[in-house]
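Engineer: Take these sequences, add in the hints, and give me the full structure.
Below, each chain spelled out in residue letters.
There are 2 protein chains.
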Amino acid sequence: KKRKPLTLDDYVEGILAGNRTILSQAITLLESSLPEHSELAQQIIEKCLPYSGKSVRLGITGVPGVGKSTFIEAIGGQITALGHQLAVLAIDPSSERSKGSILGDKTRMETLCADPKAFIRPSPSSGSLGGVARKTRETIILCEAAGFDVIFIETVGVGQSETAVHSMVDFFLLLMLAGAGDELQGIKRGIMEMADLIAITKADGVNATKAKSAKIEYQSALMLFPATESGWSPKVETCSSLDNAGIMNIWENIESYVALTQENGYFHNRRKDQARYWMIEAINSRLMRNFYNSREVKANLELLEQQVLDDKISSFAAASKLLSIYYNSEKH
Amino acid sequence: KKRKPLTLDDYVEGILAGNRTILSQAITLLESSLPEHSELAQQIIEKCLPYSGKSVRLGITGVPGVGKSTFIEAIGGQITALGHQLAVLAIDPSSERSKGSILGDKTRMETLCADPKAFIRPSPSSGSLGGVARKTRETIILCEAAGFDVIFIETVGVGQSETAVHSMVDFFLLLMLAGAGDELQGIKRGIMEMADLIAITKADGVNATKAKSAKIEYQSALMLFPATESGWSPKVETCSSLDNAGIMNIWENIESYVALTQENGYFHNRRKDQARYWMIEAINSRLMRNFYNSREVKANLELLEQQVLDDKISSFAAASKLLSIYYNSEKH
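Note that the protein sequences, when read in sequence, are chains A and B.
Its first residue numbered 1, the first sequence is counted upward by one per residue in the working numbering.
Its first residue numbered 1, the second sequence is counted upward by one per residue in the working numbering.
Don't read these hints as lab results, they were simulated from the structure.
Heads up, some of the hints might be wrong.
One copy or two, it doesn't matter: identical chains are merged, so the pair holds either way.
Below, a list of computed lysine-lysine pairs in the BS3-like style, where the Cα atoms sit at most 25 Å apart [claimed, not checked]:
1. K235 to K215
2. K188 to K235
3. K298 to K331
4. K331 to K321
5. K215 to K312
6. K54 to K312
7. K312 to K47
8. K321 to K272
9. K312 to K272
10. K321 to K47
11. K312 to K298
12. K47 to K117
13. K54 to K272
14. K117 to K321
15. K272 to K298
16. K117 to K54
17. K47 to K272
Structural biologist: And the structure:
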């Protein structure tokens, strides 16, 4: 016999009671592309909103090979041992998946998966970055309503996702390998300046000395960066997930950051700015999507773009032409 | 008797003949807010487009006090002495002017102002950053058609203008003071990673030693940055406009960069990317302007935003509501 579908109240009550199965189902609902699903998901989110917000949201990034999954296992275990409820989400859209998102492969975090205080949810398997980012942000709300008070948003430091993550978290953690060589080629420029803490991983065995000097190098580099708005001076730390060394220290840094920014008001203000940003972002991306998906624009865009590239028409004149075409078509 | 207004052909012929008075008048035309002026300006730009592009476009930024005007005087004099025709433009919109744009005050570059091979044009005195950026980009086209083969776009490293400048130049030059102290507070985070060359200014007298160690510090910091797409490794140099020392070296660096990137194709590809970017940017900003200026949106935006900030509605639900309101109003 077919299971009776859950009602809005079933979902909300289940989430607020911390029921992971219902939480998972609600997330699946908001990831669905069916209109009736996303409508129900929106209602669930609205009902959960008043119970959300009471968490620390952490962004975590690093190139493949940096040891992100073992790091999350290690720090995650310590966080739940302290009594926190931890949710681990990912933001990499499918197109970037192959580049190394770990959460597609839950088996790499076996201990955390079995931890009753942890909840791990892989990235939605399809969709644009904008779409995935929105879903991740909505998933945060549901997880918080379900009682999770530490949220990790994991991403791979090679794409565009970092800016999206940065705009939905309180603290941004960058994992790096010692040895400023080829590994760095993979990190996008600009990501280093987003970091509140750079953790040099695999600081163990023969690597320990290299990690220590990398720490000093990065520390002097960060000192040359302009001051942050948060009042926090970005830190560099070494750690080893293998030896379980330095992991607790990173969590303590995060706690210090939260204490500082809650004290000086930055934490709260940034959350408000982010809420505003996502409203504006959602509006702007829909305005653009409607434009670029319009039949008339599609029929003319390529030709005009080519004329721009051939210096036959200026960028601005081409834009004007396309806009006239679009607004005229809208009127009919 | 009133002067007869110039025709389209008068403008184009004047510009192509390198007539600065007519060039200036054409720029004034494109800066004008009168529709008939901007229409004529657009026609002039279209006619000049085929003659544009043959220049090196340089972005130059630095906080007030870094010595930007004396630096531009010093390097400008050397560039024109080599036989180049130099145009100096600015991009800071009026709202940022007070923070230190030098070009509002031409008198600070007396020698260059008197140089027959140089053309200095202050920033438009009003308008949004987007508007000013567009006008600056169009001014580049006119200057190039008038025979200027080196274009400086000056901005103050404290605002949002740097990204706009970065997206219209071939090379980005950041001026810094020695002493990684308070001076740095003024530079926005992220600007350092845009720089193709950091020039430490005022490396003279008692400052010389400090400048030299600053150079070494910045060099090691830059080495930690991810590689650039251009294949160029960003440089750090010291210079003194007072002693006229190191200035020629900076110009030679720029020449090396141009040679390298013209050889490897990056120069050309980036110009194409920029042309495409400005078309998309012009479209997107107009779509947004029309939305946010609509009467119905204005009537509802503030209330919905407040509800978002109070966690009464999600960012995305608020966005959906505003979009429905907008598109419904468009249909009537």
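Engineer: Now tell me, hint by hint, if it's right for this structure.
Structural biologist: Hint check:
1. Taking identical chains as interchangeable, the C-alpha atoms of K235 and K215 lie at most 25 Å apart whether they share a chain (9 Å) or sit on different chains (23 Å).
2. For a Cα distance limit of 25 Å, the shortest separation of K188 from K235 qualifies both inside one copy, at 19 Å, and across copies, at 19 Å.
3. Taking CA atoms no more than 25 Å apart as the test, K298 paired with K331 passes in both settings, with 17 Å inside one copy and 21 Å between copies.
4. Proximity of K331 and K321 under a CA criterion of 25 Å is satisfied in both settings, with 16 Å inside one chain copy and 21 Å between copies.
5. Taking the shortest Cα distances, K215 and K312 never come within 25 Å of each other, neither inside one copy (52 Å) nor across copies (44 Å).
6. For the identical chains of this complex, K54 and K312 are inter-copy neighbours only, at 15 Å across copies versus 55 Å inside a copy, given an alpha-carbon limit of 25 Å.
7. Taking identical chains as interchangeable, the C-alpha atoms of K312 and K47 lie at most 25 Å apart only when they sit on different chains, with a minimum of 9 Å there against 54 Å within one chain.
8. Taking CA atoms no more than 25 Å apart as the test, K321 paired with K272 passes between copies only; the shortest distance there is 19 Å, against 38 Å inside one copy.
9. Within a single copy, K312 and K272 get their C-alpha atoms only as close as 45 Å, which misses the 25 Å cut-off; across copies the closest is 13 Å, which meets it.
10. For a Cα distance limit of 25 Å, the shortest separation of K321 from K47 across copies, 17 Å, qualifies, whereas the shortest one inside one copy, 44 Å, does not.
11. Taking the shortest alpha-carbon separations for K312 and K298, only the intra-copy value of 20 Å comes in at or below 25 Å, while the best inter-copy value is 38 Å.
12. In this homomeric assembly, K47 and K117 come within 25 Å of each other (Cα to Cα) only inside a single copy, at 24 Å, whereas the closest approach across copies is 68 Å.
13. Only within a single protomer do K54 and K272 lie at most 25 Å apart by alpha-carbon distance; the minimum there is 14 Å, versus 47 Å between protomers.
14. Taking identical chains as interchangeable, the C-alpha atoms of K117 and K321 are never at most 25 Å apart, the minima being 57 Å within one chain and 37 Å between chains.
15. For the homomeric pair K272 and K298, the shortest alpha-carbon distance between copies (20 Å) is at most 25 Å, but the shortest distance inside one copy (37 Å) is not.
16. For the homomeric pair K117 and K54, the shortest alpha-carbon distance inside one copy (16 Å) is at most 25 Å, but the shortest distance between copies (63 Å) is not.
17. Taking the shortest alpha-carbon separations for K47 and K272, only the intra-copy value of 19 Å comes in at or below 25 Å, while the best inter-copy value is 48 Å.
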